[in-house]
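Given chain A, put chains B, C, D and E in place with the hints provided.
Here the protein sequences come in this chain order: A, B, C, D and E.
Residue 2 in our numbering sits at position 2 of the first sequence, with consecutive numbering throughout.
Residue 627 in our numbering sits at position 627 of the second sequence, with consecutive numbering throughout.
Residue 424 in our numbering sits at position 424 of the third sequence, with consecutive numbering throughout.
Residue 100 in our numbering sits at position 100 of the fourth sequence, with consecutive numbering throughout.
Residue 160 in our numbering sits at position 160 of the fifth sequence, with consecutive numbering throughout.
Calculated from the structure, these hints are not laboratory results.
Each residue gets a CB set at the ideal place from its N, CA and C atoms; glycine is no exception.
Covered by chain E, per the in silico footprint, the following chain D stretches (three or more residues, Cβ under 8 Å):
no., stretch
1, 102-109
2, 112-121
3, 142-148
4, 155-165
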Amino acid sequence: MSIAWYLAVSAFIFAIGAGGVLVKRNPLVILLCLELMLNAANLALIAFSRMHGTHDGQVFALIVMVVAACEVTVGLGVIVAMYRRRLPVDVDEMRELQG
Amino acid sequence: MTSVKTFAWLTLLFPLAGCIVNALGYRVLRGKAPGYVGTAVLFASFVSAVLMLFALQDLAAEERHVRAVAWDYMAVGGFDGQLALLIDPLSAFMTVTITGVSSLIHLYSVAYMGGDRGYARFFSYLNFFVFSMLLLILAGNFIFLIVGWAFVGAASYLLISFWFRRTTATAAGIKAFVINVLGDVGLVLGTFFIFRGTGTLDYLGAFEKAGEISGGDVTAGCILLLVGAFAKSAQIPLHTWLADAMEGPTPVSALIHAATMVTAGVYLIARMWPLFEESESAAAVGAIIGCLTLFVSATIGLVVTDLKRIIAYSTMSQIGYMVMAVSSGAYVAGIFHFYTHAFFKALLFMAAGSVIAAMAGVQDIDRMRGFRGAMPFTFGCFVIGGLSLAGVPPFAGFVSKDEVLAYVADRGDWHVALVVVGYITAFITALYTFRLIFRVFFGEPSPEARELEEGHLHHADVPRNPMTGEEEDTDVGFPGPEHHIAEREGPMKGAMGVLAFFAVFAGFLQIPNVTDALDTFMEPTFEGSRFHEELHPSDALTFGGLAIGAAFSLAGIAVAYLIWMRRPEIAAQVRERFRPLHTLFVNKWYADEALDRLFVRPAAWFGRFAQQTFERVVVNGLFVGGPVGLVRAGSAAVRSRQSGFLRAYAALMVVGLTGVVLWLLIRA
Amino acid sequence: MTIHLSIVLWLPAVAGVLALAARRFAGWVTLAGSLLAFAYSVVLLIDFNASSGSLQYVTDEAWIEQLGIHYKLGVDGLNLALIVLTTFGFTACTLWAALERDVARTPQFFFWMGLAHSAVLGALFAQDLILFVLFFDLMLVPFFFLTLIWGPTPRPDRVRAILKLFIYTLVGSLLMLAGAIATGVLSLPNEATTFVLSDLERIAMDEGSQRWIFLCFAAAFLVKMPAFPVHGWMPDGYRNMPLPVLAVFSAVLSKVAAYGFLRVVMPLFPDAAAEFQMLALLIALASILYGSAMAFTTTETRLILGYSSVAQLGFITLGVFALDDAGDGAQGAILQSVNHGLVVLPAFFIVGLLAARAGSEDLRDMGGVAFRAPVLAGLFLIVALATLAMPGSANFVGEFMILFGVFDVKIVIAIVAFTGVVLASVYMLRMFIRSMHDRVGPSVDSRDIRVRDGLVLVPLVAAILFLALYPQLPLEKGEQTIPSRVQSARQVLAGEEIAVDPREAAAEAAEAEEEAERAREGEGREP
Amino acid sequence: MAEVFFFVAAIGAIAGAFGVIREWNPFYNVLALVVHLISLAALFLLLRAEFVAAAQVVVYAGAVMVLYVFVVAYVGGDPPLMRRPTAPGLRGLAVLFAAALLVELWIALLGTGLKAVDGEGAGYNAAVEDPFGSPGALGNALLTKFLIPFELASLLLLVAAVGAVVLARRRRGAALEESDPTLVSVVEALRPPGTGTMREGVSGLPDVERRELAPAKGEPEGGW
Amino acid sequence: MKGPHIDWEALSPLVAVMGGAIVVLMAGLLRSRFVRESLVPFLTIVTLGAFAGLSIWQWDANVDLVSAALRVDAFAMYLNLLFAVAGIAAVLLSWRALAPRESAHGEYYSLLLFSVGGMAVLVGAQNTVTLFLGFELLSIPLYVLCATEMRRATSLESGLKYLVIGSVGSATLVYGLAMLYGATGSTDFSGMAAALSAEGDLPSDSLLLGGVAMVLVGLAFKASVAPFHQWTPDVYEGAPTPITTFMAVATKAAAFGVLLRMMDVALLPVADDWGAVLGALAIVSIVVGNVGALGQSSMKRLLAWSSVAQAGYLLAGVVVATRLGVRATLFYLAVYLVMNLAAFAVVLARERETSLGDHVDALAGLGWSRPWLAWPLTIAMLSLAGIPATGGFIGKVSLIEAAVEGGWTWLAIAIVLGSAASLAYYLRVLAVMWMRPGVETSSPVPALAGGSSELDPAEGPDPGPSDETAPPRRTRGHFEVTLVAVVAALATLAAGVYPDPLFDLVRDAGDSFRGLL
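Only chain A is shown next, with the shape it has when bound in the complex (with noise of 0.2 Å):
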C-alpha cells in the first residue's frame, strides 16, 4: 500500500474528529473528538516517518500520545470539577462568558 493510502485515512479521522467537535455537546465526547484528531496526527506522522525512513516521526506520535494522554487527564479533570459544582456537563450550557 503506498502512503498516500494511510495519509487519506488519516485525514479523514482528522475531518471526522473536528466536525465531532462542532456537533458533540457533551464536553466527554468533545475529548474524544480531541483524541481523533491528535491520533489522526499520529497515523499521519507514521506514515511519513515510513515514508522518509527516519525515526523522528515516529518519536513525534510517541509525544503526541503523551501529550494527548495529558490533555485528557486534565480535562476530564475540568468535567470532574464543573460536575462536582453541579454544573450542567453540556456545553452548550457553558454560556455564562459571552459577548
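Only chains B, C, D and E this time, still in chain A's reference frame:
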C-alpha cells in the same frame, strides 16, 4: 523739510493724544473737561496743520512732495510697506480744511453733547475719527491709506451707534461698517492690481510706474479703487448706509457724514489721478456714477421728511458732483467743492441739530413749523447754509459748483450730458433745500416752537425712538437728558458763526478770472496731469455756466416758495400726479431692497442652510455618524458572534482553518 | 549644540510636575514655569539672527538610534514667532486659571497645563519628523483630561464630546504618523533610515509615495485646524472645554497644524503639494465661507469664535498653499497664525467675563453690557476689530499678504476669499453688538472688569496693539526662512526643473563623491 | 495480504471514529474510540512502528480509556440532562465545514508533487542492527536526538498529574479556611448533592435530584 | 551508544525553572500556613529571579543544545526575561488572591512555573517535537490555572473552553507539523529550511503549504489572532485575574516568539506565502479586536479584545520577515507586557476593593480616591492606545517602520486606523476613572448572600442558596498589587521616553536570526 515732517506728525498725533486721554481719563475728567480737551487738541492740530502748510509753501515747487517715514511696517517679500506720510499740496490743503472744520464741530459738540452720559466716550471717538481721517489724508502709501480708510470706517461705526442701546443705531452702525468693509475690500483688491504692476506700495513710486501696469490691471485696479471710494462716499450702489447713519448724534453727522469722511472718495480719486489717467474707462465709470448719484439722491431728498436725512441725501448729491469732477479730470474743482461743501454742510447739520434739540429729538419735518421766530440765529445759519447749498450767488457753493460743471463741460463729448444732469439737479437742490427751510422755519409755529418762544425748551415726557416708537434707554440716552440749542450755548453759536462766515466767503479763494489761488497751490500735486493742463474752460463757458447755475438755483427757490409758502396744495397735487415716481423716490429707488435681495438674504439663507442642514447632515452625519455607525455595526456583529457557545467558537476556528488552508493551496 | 531649547521646552512640564507637589500654590508654580519659558522665548526672539535662514540654537542627539529618530530641536524664522505666541498664550491662560477660584486649588489642572505647554513647544521646536509627530499627538492628551475633568457642561455630553474630539483629531494624527514613518523609510532608500528633517529635505521621494503621504499629513493638519468639512469635532469640543483651556487650545494648537504644513509638508512633498494645491485652496475657501456663515448664524459665543477660527484657519491655509513667487502667502500665514492666536486668547477670556455678567454664554441672553463696563467694552472692541482684520491691525497685514499671495497665483480664489473678510466683519460686530450694545439682556448684571481680570486681559490686548504698530518684527524674523520652505513646491508648480534645485544637486554631489570614494578604494586594493 | 490488513484496519479506524461521534451513551463512544485506537495500532504496525503500536494499545487504548470509563461512570455521562437552546444551525454547518476541511486536506496530502507519497516508504532491512522501526532504533532516537523532548514529556505528565489533582480533588471550601468557623458549619449543612461523595460516584445522582438540577423554565439561558 | 553532549550552562535557565517548579510543589505539601502562603510564593519568585539571571548570563551563548533541539540565543533569552517578569508579577498578584488558596499554593505556583518553563522551551525550540512539547507544557498548566477558582462557575467554564479550543489548536498544529515533516523529511528547523532552499518546487508544494497553513492556524490561535480569537475574551474574563494577567502578557510573548522563530528560521524560504496570509489575519485581528472591545463593560473582556487587536499590530512585525520586524515585535512585546501588567493589576485591585468585580464602574472616581491606582491605569490605557511618551507609541512606531520598510504600507495604515478606533474604548475607561464620583469602596455584603469577591458583574450578587460564601471584603488595597501597577506603569513611561536600552536588547535578539536581512 524737517519742519514739514514735524508738523505733519504733530497734526496727526494731537487728535490721537486727545483720544487716548479722553478714553483713559473717563473717570478723572469731570464735567465738560473731556470736551475741552478734545477741542483743544483739535485746535492744536489745526494750528500745526497750518504751520505745515506754510512750511510746505516755503519749499521749492518741485520739492513739495515730502515723505515722512517712521518705521518699516511690512517690508518683506517684495512689499515695501512703511509707516510713512506724504505731505504735498493736496494732502496739506485737505488737512487744513479738515482740522479746521473739525475743530469747530468739536467746539459745537462741547455744548451740544453736554449732559450726555457718554460725554468722554464721545470726544474720544471724535478725536479718534479725526486722527483716522488725517491718517487717511496724510498716508504716504497704499497700506496706510487703507488703514486710515478702515479707521474712519470704524470711527464712523462707533459714532453712528454711539447711543448703543438703540437697536436702530446699532443696526445702522453695522450696516455702515459692513458696507465700508466692502469698500475696504475694493480698495485692497485695487491695491493688489496696482502693486502687481508696479511692485511698490508707495504712492510716488507707484505713480511713477503707473504706465507700466498692463491695461487690464490698471482698469480693474482703478475700478476697484472706485468701489472703495463709492462705499466711503456713499455713491450708488453703496450709498444706503449714509441715510441710516443719521442715527448718530448730529455733530457726528456734521463732521463725518458731511464735511470729512464721506469726501474721502473724492480725495482718493484725486490722489490717484496718475492711475485714473491711465484708464479712461475707470474714470468714465466714476464720472457716470457720480452723476447718477447726484441726481438720484437729489430726487430722494425731495420727498423724504426726516430733517437729517434730507441733508444727508443732499450730501450724497453734492459728493456726486465732486466725484464727477475728479473723475472727469477736474481735480481742483472737485477739491474746491469739497472745501466749500465742508463749511456749508457742516453748518446745515449744526443748525439742524439745534432744531432737533428744540424738538426734543424729533426729526420729522411734518411736525416742525415756524421756528423762525423762536430760533433766529439758527434760522440765519440755516438760510446761509441753504443758499450756499442751493448755489445762489455769491455764496461759496455757487462758485465751486459751477466751477465743477464748467470744467466737466470742458471735457466735451458725453461729459456734456453729465453737465446737463448737473444743472437740472442744481434746480432740484434749490427746491428741496428751500422746501426744508420753508417748512421748518416758516408758517404757524408748532407747539415746540411756541414753547421755545415762551422761553422754555421742550422736553418729551417719555423719550421715544422716532423710527420704531421704542422707549429710549435713558442710561445711554438719546439725545441725553439735556438738550442744547445754539441760541443758548456760546460754543455752538461760535462754531456756527465761523462756519457761516466761511459758507459765505470761502468761495472767494478761487473766483473765475479773479483768483486761482487753489489752482496754483495744487500745481505741484497735479504736475504732469493731462487734464490739469488741458482743461481750461473758456470764459464763455465759465460765465455762461455761472449764469445758468444762478438761474437754476433761483428758479428752484422760487418754485419752492410757490409750492410750500403760497400754494401748499400743489405739493399734494404733484404727489398725486406722479404717484409712481413719488413712491420710487420715497422708497429711495429701492436700493435697500435690492441690496437685501442680492446679498443679505442669500447670505442669511446660506447661513441657515449651513447651520440647520449641512452641519447636521454632512459634517456630523457623513463624517462622524457614518464611520461611527459602521464601527458600531461592526461591533454588534462581532459581539453577536461571541455567543458563548464553545462549539460556535470551534466552528469559527475550523472555518478560519479552511480559509487559510484554501488560500495557501490556491497559491500552491 | 546648545541646551537652551531643551530648557525652554521642559520648563513648563517640570513646573507642572512640581505643581502636583505644591498643592495650594500649584497655579503659581506652573505660572512661574510658564513665565520663565516666556521670558526665555522673548530672549530668543531678540537674540535670534534674522539675517540667517538656517536653524539656530540647534540641539541634536540620537534618541532612538535604531529607528533613526533624533532628539533634534531648532529655531528658525518659521517657528520663532509661534514659539513666543505659545509661551505667551500659555502664560496668560495659566494666570487666568490661577486666578479662578474653582480650579486654583487643583494641582492636577496645572500639571496638565504645564504638560500641554511643553508638548506644544515640542511640536514647534522639533526638527525630527517623528519627534514632531510625537509632540503633535501628545499635546492633545492634556486637553483630554482638562476637558474631561473641568469642563463646564453636564458629564455625559462632555465625555461624548471629548471622545469625539480626541478620536476625530487623532485619526488624522495617526495617519500622519504612518505617513511620517513612511517618509523616513522611503526618502533615502540607500541610506540608513533617518527622520531628521534637514536630511529628508535633500531628496524628494517618488511622486506616488508623496501623494499618499501628503494626504495623510493633510488629513492630520486639516482636522486639527479644523478645516471644512472635517470640523465636526469643533462645536462639541468648544462647548465642553473650560474657557482657559479652550482659549489656549484655539489659540495655539490649531496653529501647529498650519505650521506643520510649512515645516514638513511643503519641503518634503513638493510634487504632491503642487498637485493638490487647488484642492487645498478650495478647502480653505470653503472653510472661510462656511465658517463665516456658521459664525453669523449661531448664538453661542464660543461657537462664534470657533467658527471664526475655522474661517481664519482657512485664510492661513490659503496662504500656505498660495505658493507665490515671493512666498508672501506663507509669510502672511505665519503672521496670521500669531495674530489669530493673540486675538482668540482675549476673546475667550471676554466670553468668560460676559458669561459671568449675563449668566449664560448665549448671545440671546446678553446685551447692553457696555454702559457699566466701559473698559471691558473698549478692550473687547479692540479685540473684535483685530479679529475681523481691520486694517491697522497686524491681522490685516497677515491677511493682506496671504491674499496677495493667492491673488498673484489664483486670482479668482483671492477674490472669492475676500467675501470672508466682509463676513468676518458681520459676525464679529454681531457678537460685539449683541453682547455689549443693544438692549439689556434679561438677567444681565453689568459691571466692569476687576483688576485681576485686567491682569490677564490687558497684556493680551497690549500684545495685539504692539503687533498692530510693528508687525515688521515677526515678519522680518521669518523673512529668510519662510519663503524657502515653499520654494520647491512653487518650482514644481511653475514647471521649473527641480534639477537645478539644491536638493538634487546635493544628491548628485553625494553620489559623485561616493563614486570617487569607490574608485579610490579600488585603487587602494589593486596594488 | 498487507492490503487486506490495511483495509480492515482502516475501515475499523474510520468506523471507530464515526462511532465516537455518534449520538450515543458516552460509554459507547468511549468503546468506539477503543476500537478506533486498536485499528490504528494495526495501521501503525503496517507502517513498521511496532513500538508505537504497542504503546498505543497498552497506554492509550488501555490506561487512558480506563480513565475515561471511570469518569463517564462518575459523571453519569448520559447527556439528555436538558435540551435547551443550542448553537443554532451548527449541526448542518459542522458537517459542511468538516467536509470542506477533508477535501482540502486530501488535496494537500494527495496532490503533493512528492513522489515518495506514492511509494511504500522505507523497507525492512534486516542486515542492519536496529533497522527502521525497531524499538531499539526508536529508543536510540529518543535518548539521543530527542532527549530533551523525552525529558520534557515526563515533566508534562507530572504537570497533568498535578493538574488533575488540583481540579478533581475534594476540598472543604478552601476559601473558608480563615473565615468564621460558624460559617463552615452552615456551608456544610447546605452542601448540595452532587459534590462528590462516594455514593454519588458509584450510583449517580438520584432521579429526584436530577430533576431538581434541571433549571426551571423561563429562567434566562446561561446556566446558574 | 553515547549520550548526546549536554551544555548544562546553556540549559541552566530551563533547569532552574523546572527544578524550581518541583521544589515549590514539594514545599507546598508542608502544612505550615506560613510556608504555604508566604514561602511558596517567595520561592517562586526566587526561581523566576534565578531563571531571569541565568538567562542574562547565557545572553551571548548562541549555542544549540542536544542535537539542536533547543537553541540558546539572545532571542530566547530576551523572551525568557519577559516570561520571568510576567511570572513574578503574576506571583505578586496571586499572593493574597483566592485562586492559590482554592487550588493549594504549591500546586498553583508550580503550575505557573511549569508554564513559564514551557514558554522557555517553546521560544527556544528548534525542532518541531520540542516545539510541540513546549506548546503543551505552556498550555496545560494554564488550562488548570484558569479553572482554579472552582467555586466560580465561570472559572471552570473558562478552563474548559480554553482546554477544548486549545486542544483543537494543538491538534491542528501537530497535524500541520506532521505535514511539514512529510514535505521536508525533517523535524529540525534547519533541516526544513535546507530542504526548502534546495532546488525543486517544494516551496510551492501543496503538502508543504497545507502544513504551513495548519501550523499558522495553530500558532495564531495561541496568539489570539482573529478569527481564532474567540476563546480570548471568555477565558480572560473567566480565569482568576492574576492568571489572566499572566496569560495575556506571557502567552502572547511566547506565541509570537515561536511564530517568529518558526517562520523566520524554518519557513523563511516561503515567506511570501505565509506573509500574505498573516498580513490578512493581521487586518482581520485589528478590525475584530477593536470593534469587539467597544462597549464592553467588563475590563477583562475589554483588555482581551484589545489583546486581539494588539496581536494584529504585532503580526506586522512578523509578516515582513526582516530583522527590523523581529526587533519591532520583540520591543512591542516588552511594552505590551508592562502596560497590560499595569492595567490588570489595577483591575485586580478594584476587584478586591469593590463588589463590582472587573466592571468598569469599579473604576469610577478612581482618579480622586486612589491616585496610585488611577495613574498607572491611565498610563497603561494611553500606552495601549499608542499615545506618545509611552512605550506603546514607540512600539507602534517601530512596528510601522518595520511594516513600511518591508513594503507592507497598507498594514501600517491599518495599524494606525485601528489605533484610532481603539481610543474609543481606552479613553472611555479614563473618562470613567477621572470623572465620576467614587463609589464606596467597602460595601457591606452579607456573608451568606454575597458572591465571590471576584464575582462576575453580569452575575451580580446572586443570593442563590447554593452559592458558597465569600471571604470578607477587603477595604484596603494590597500594596503588592499597587506596586506591580506602579512599577509597570513607570516602565511603560520609561519605554516611551528612553527606549534606547530596550532597543539595544532587541537588536541583539533580532540578530539571532542570521537568515534575515
